[in-house]
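Undergrad: The primary structure of each chain is shown beneath.
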Amino acid sequence: MPETEKMSLVMFSGDLDHALAGFMLANTGASMGMEVSMFFTFWGLNIIKKNEGVKSKGFLKRMLNFMNRGGTKRLTMSKFHMMGMGTGMMKGMMKDLKIPSIDEFIAMAKAQGVKMYACTTSCGLMGLDESAFRSEVDEMVGAAFFLGEARKAKISLFI
Amino acid sequence: MPETEKMSLVMFSGDLDHALAGFMLANTGASMGMEVSMFFTFWGLNIIKKNEGVKSKGFLKRMLNFMNRGGTKRLTMSKFHMMGMGTGMMKGMMKDLKIPSIDEFIAMAKAQGVKMYACTTSCGLMGLDESAFRSEVDEMVGAAFFLGEARKAKISLFI
Amino acid sequence: MPETEKMSLVMFSGDLDHALAGFMLANTGASMGMEVSMFFTFWGLNIIKKNEGVKSKGFLKRMLNFMNRGGTKRLTMSKFHMMGMGTGMMKGMMKDLKIPSIDEFIAMAKAQGVKMYACTTSCGLMGLDESAFRSEVDEMVGAAFFLGEARKAKISLFI
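Residue numbers (my numbering), protein chains in the order written: chain A, 1 to 159; chain B, 160 to 318; chain C, 319 to 477.
Only chain A is shown next, with the shape it has when bound in the complex:
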């Protein structure tokens, strides 16, 4: 019996456009029968933070998580954000075209068995623990776990 093909995605960027690209690939791959893993690290952690915000210890980390609050509602475009106008426009066009929102993409991914992991080191750096993340996130894992997945994957991308 042939093994299921794997795809592993590093989600490094935390912009609406990168999130969209990542979840489009993840959901398409899963619907083609691939086993998909997503590793959220650095700014990418913003995509899977709870929308209601995060409490973290220490002044610097609290400040960082205030400025860098995250959550799908707060993702902005990497270009043409224009104080919200460009990002709002993009969300409007996504709706018009019936392209799922990031929230819907996350739910679809979960339903299709896509695994979502938060990078332990980045979490340490940003003062985040499991309570910072949405319920769809499976686990906090390190770089070695990611490489263990990626070495078996047909497709690995750094997004």
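These aren't lab readings, by the way, just hints derived from the structure by calculation.
C-beta atoms are modelled at their ideal positions from N, C-alpha and C, and glycine is treated no differently.
Treat the hints loosely; a few may be bogus.
[Stated by the list, open to error] Stretches of chain A that chain C covers, calculated by requiring three or more beta carbons in the stretch to come under 8 Å of a beta carbon on chain C:
id	segment
1	38-44
2	59-72
3	105-113
Position chains B and C against the provided structure of chain A, taking the given hints into account.
TA: Positioned in the frame of chain A, the structure of chains B and C alone reads:
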């Protein structure tokens, strides 16, 4: 007979520097005998837009394509653009070193059989159809088509 | 005897956060027994430039290397640099968590046999020769060399 090795590149970023990196890899790969596919998505679509501009329907999309006009002539650097000075400098240095321009790189890629695809979903989002793109572009395809190529590729990169 | 698994990383971005992600993966891969190659190109060259600065010929290139001076000490974050405050904060948090600095990561990578290459074409474009780079850098190589490595690698990422 061994199968030809494949390389598949997602061209997500639309800056001069990312375009240069992508076409350098694509052309080098093709000259080494690889079958190369490039999937232009999101800002990357700017690289393959016609230089003469794009007509799109709807006020918002028209506005987006005005601000985000694209075409090889309008690509700028992701850093040190400095209102055109940095980008102009880079182009000058490329010429001095006889590094091909992006237009020349696209022609070389085409001549070497590199396939160039525009992502259907991004095109929908940005109000673009086939008429927006240069003649070297082969087709509009979806994410499933890309993943079908990438799963057979030795090298897949998200640029 | 099975061949050693390979990983090849294109280091295109020259920010502190991308450098951190790249060296975390490279060092983890090497410690798992992988043969790791890093190809520094474009802004990524800044990561491996000597901290004491670079002399290059020609006014434009001198100007470019003045603005784009590079060296591990000068790497900044791709977001929240905030005139040094954000970057300083990040470095402070890295220290607190005993995450190695980029200098330490480079030394660890070297000690573990990670190969570090500078892209010949980018070096030409930016007026850099071998004397611009730290002693840990192995060689200047072209895109064909990179693709030769990547085609044999289990994991290739564009960072």
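Undergrad: A separate judgement is required for each hint: does it hold in the structure or not?
TA: Results for each hint:
no., hint, result
1, 38-44, "holds (count 3)"
2, 59-72, "holds (count 6)"
3, 105-113, "violated (count 0)"
Checked against the numbered hints above, the structure violates only hint 3.
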